[in-house]
Amino acid sequence: MKSATPFAALLILFVVQPALAQVLVAHPDHFSIPLGEPLLVEFYGVLENDTLDDESAGELGATAELVTDVDFGSLVLNADGSFTYSPGVDFDGSDEFVYRASFGSVTSEAVVTLSACSGGPDVYTCWSESAFLDIVNASGYITFQEGFEDDLVWGDART
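To get the numbering used here, take the position in the sequence shown, counting from 1, and add 36.
Check the hints yourself; a few may be wrong.
Each pair of labels, with its calculated beta carbon distance range [what the hints assert, rightly or not]: (1) 143 to 105: 16 to 22 Å; (2) 91 to 114: 20 to 26 Å; (3) 95 to 129: 31 to 37 Å; (4) 134 to 79: 34 to 40 Å; (5) 95 to 125: 34 to 40 Å; (6) 59 to 115: 33 to 39 Å; (7) 96 to 147: 18 to 24 Å; (8) 120 to 147: 14 to 20 Å; (9) 107 to 58: 29 to 35 Å.
For the record, the hints were derived by calculation from the structure and aren't laboratory data.
For each residue, glycine too, the CB sits at the ideal point set by N, CA and C.
Between the sequences and the hints, there should be enough to build the whole structure, so can you do that?
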């Protein structure tokens, strides 16, 4: 008499969960340049302040692509976010371009404003006080100012 051979069944269950949606946010940028001088911005450039799920999009490998070109000069935007802008002859004012930050299929667009000014020999004379403070703070400095009648006392401390 033949005996029945028991067999074991193995059930493998794969649970597929949808991938979490990634959030890419391209933030506007502003760069000031002395009149008639080219602006050279190194990597991560326009991607520097962009975020991918609250982390640096540039550091995670996001790329930049030109959407709308400048009107008053020439621009070369590289995929790593770096760019070169050369204003037109005797240009004094603002120019802008729009770029698209991409990470896989996730994209976001932002405007970059470029300001040339004839305020003086260095870029600091071109910035408004609030723009200057924003850039100093973004560089890791804490700034403060106190008014003594009409005089301002400036100070800073590196964070």
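Status of each hint after checking the structure:
1. In this structure the hint that residue 143 and residue 105 lie 16 to 22 Å apart at CB holds, the actual value being about 18 Å.
2. A beta carbon spacing of about 21 Å between residue 91 and residue 114 agrees with the range 20 to 26 Å that was offered as a hint.
3. In this structure the supplied range 31 to 37 Å holds for residue 95 paired with residue 129, their Cβ-Cβ distance being about 33 Å.
4. For the pair residue 134 and residue 79, the supplied restraint of 34 to 40 Å is violated, since their beta-carbon distance comes to about 19 Å.
5. The hint said 34 to 40 Å for the Cβ distance between residue 95 and residue 125, and at roughly 37 Å that hint holds.
6. Distance hint for residue 59 and residue 115: a CB-CB separation of about 21 Å, inconsistent with the stated range 33 to 39 Å.
7. The hint said 18 to 24 Å for the Cβ distance between residue 96 and residue 147, and at roughly 22 Å that hint holds.
8. About 18 Å separates the C-beta atoms of residue 120 and residue 147, a value consistent with the hinted range of 14 to 20 Å.
9. Between residue 107 and residue 58 the beta carbons are some 33 Å apart, a value that agrees with the proposed interval 29 to 35 Å.
Hint check: violations occur at hints 4 and 6; the rest are consistent with the structure.
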